[in-house]
Amino acid sequence: MSGAMGEVVGAYTLALLVGAVLLAAASMLHARVRQRRIGIRRTLERCYVNVLNRRLLEGGSAWCCFPLIERRSSRLTLAVVVAQIGAMTYGYDRRVLAKVVRRYGLDRLLLEQARLSGGMRRVEWLHTLAQIECSDRIYQRMMNRYGRSRNSYIALCMTLAALNHSPERSIAILAERRGRLSPFDLAEVLMMLKRGLIPVAYQPLLRAEQANVRLLGLCIVRYFGVTEAEEDIVAAIATDDREVAESALFTLCALRLRLDRELVREAARRMSEGERRAWYRHLASEGYSSRAIAQIVPEKELSLLGEYVEQTVASYKRALMN
Amino acid sequence: MYWLSILILTLLALTLLSVVVASLRTLAALRKGRMLASCHGYGSEAMSQTGVSVVVSGVRSEREIEQRLSSEYWRYEVIVVVDSTLDAQLLHRLCHKYSLIRVNFPTVDELSIDGAPRLYRSRQRRYRRLVVVDRLHRSRADDWNCGVVVASFDRIVPLESDRFLLPDALPRWVMELHESGECRNEVLAAQVAPTHFFDRRRVAMFARSAVIAEGGFVGEHPRVKMIRSLRGRLLSLPLAYSTAYRHRSENPLRRLFLGIGLAPTVALFVELVRRDWEGAREALLLIVAVYATALASSSIALRTRLVVRGEQGEERIKSLRRLLRCSFRVY
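Chains A and B are the protein sequences, given in the same order.
Okay, so the first sequence: first residue is 1 according to the working numbering, each after it adds one.
Okay, so the second sequence: first residue is 1 according to the working numbering, each after it adds one.
FYI, nobody ran anything at the bench for these hints, they're computed from the structure.
Any given hint might turn out to be false.
Reference excerpt, derived from the structure (chain A facing chain B, CB under 8 Å, subset only) [to be verified]:
| no. | residue |
| --- | --- |
| 1 | Tyr12 |
| 2 | Ala31 |
| 3 | Glu124 |
| 4 | Met191 |
| 5 | Gly274 |
Among chain A residues calculated to face chain B with C-beta under 7 Å, some are [what the hints assert, rightly or not]:
| no. | residue |
| --- | --- |
| 6 | Met5 |
| 7 | Gly19 |
| 8 | Ser27 |
| 9 | Met120 |
Negatives, chain A to chain B, calculated, CB over 10 Å [claimed, not checked]:
| no. | residue |
| --- | --- |
| 10 | Glu112 |
| 11 | His165 |
| 12 | Ala208 |
| 13 | Ala211 |
Note that the Cβ used here is the ideal one computed from N, Cα and C, for glycine as well.
Construct the complete structure from the given sequences, taking the supplied hints into account.
Here it is, written out as structure tokens:
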């Protein structure tokens, strides 16, 4: 080995040794500091929950004093608590929480924190911001900055923020949204819409042109068990959009509605054999009888799949006894 | 010796880089998990269109079943494959405890299974997620294939008796599945805790149709084989844990460094025999470089582990939610 290579190896070794020792020391120190910070945050959270509870109980008239609120980290903790309380109470007495947000500038703080963070931390702060009542100015700034983000989580946060900011425009917001809503997105949107705005007018959602709105409508119908929406669900099965059609079939089964319809039979014919078997198994687990399932099995497959359906259903029916 | 030094230095640099990347990916996955845990819709009924069947082979006691039935996900079932010829008392105890009754076994031609399995389900609604299959144990792959046939849902998670899913595993899996399009993910593999960098132990969620199309699980390492043959991706976080004891010599990173360190050790002996003290000194320096890299990797692992432990111990959002639930009972 040449002398130069020896020097390179030596330098590499020295740098790594120093780096390793420094990193280990920094990690230990950071873990200790973090532990202490978590302890403080937990105590503050408990305290803030109590203070806000009292304030909500008294209708916002009581003077509320949050300890250590002058600290930035404490205000962030307060913002998280406010967002969580807003979600837990489904927007009950938003006025009181909005007053707290305005007084301590929590919306501006959260937006700033999101700007300083990156990756999923940014999403976390934006999600919190979407849950609280933010001012028009902050809302506009947030939309200008993140409204066109390609990150699916940030896009979801922006949708949630828009829904929270102007709930009366919820259908329009969802219709204008680019990209398909995933089941998780739908669950989050549904939680947001529950805030004092339980949408009973499911028909406009189910009859809408946009897939996102229809998916949300089906989700609502399923969630609240709206069996009156039967005709609209069946109509949704006939759509060209595969995802909407699948969701409609799933909803029909979840509500235990009648299956012997031409549209359902047509949907079954469109499936591949594997998908059809999976669907029969799903129907069996939902409690449908073998006769009900046999009505939608295509005739040419009846001899082949009849026994399969019969046995599968029988195994599930026995399990449902008692 | 010159080329050996270059080769070893390159290998060490690459290993260190991989460790840094793996650490960053683990931390990012952890942060994502924390963000998801703070979302109210996560794991709710609305996002549970995808059903998951967990197939467990080689169960030895009831306690192993209890843990697996405790998932909070909405649409899942646990298929336990036991062999009553090995332990007749186990099936008897299970029947008694879960009020099991024998039901029809759907004989289908999707996958070929040896023997005639007997299927049991509970009469009690609270155990409706449990399916017990009694069959002669031939191999793990065969048990899993039987589970695939019985499964009512379209996603399969095959497990051994010593592997358990982490509490958040099923919603997280389903979440990741929807994120990149269900059809593109025939398999979603994850790690098994306690995990080391470059650990090859995996747990995976398969599409039932894809498993059937491949002809089922086969071979000595059926899961690994199936993961290789299907399209999908690996998640950089553990979604299951193993209770099997692992000696520290099984740590893949340790093995890797021992392997890399072998070459300069041999070189050192050669130089000593040749009485080339300059060469021996340089070989010794290379050995120290290997150990320095190992130390740096351990420091990164320590940092990751401390953060993971901090996150897991913290449970900030969950504890806050519990606190809020208790607080709002006064209303």
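Exercise for the section: Quick one: which hint numbers does this structure break? Sort them smallest to largest. Expected result: none
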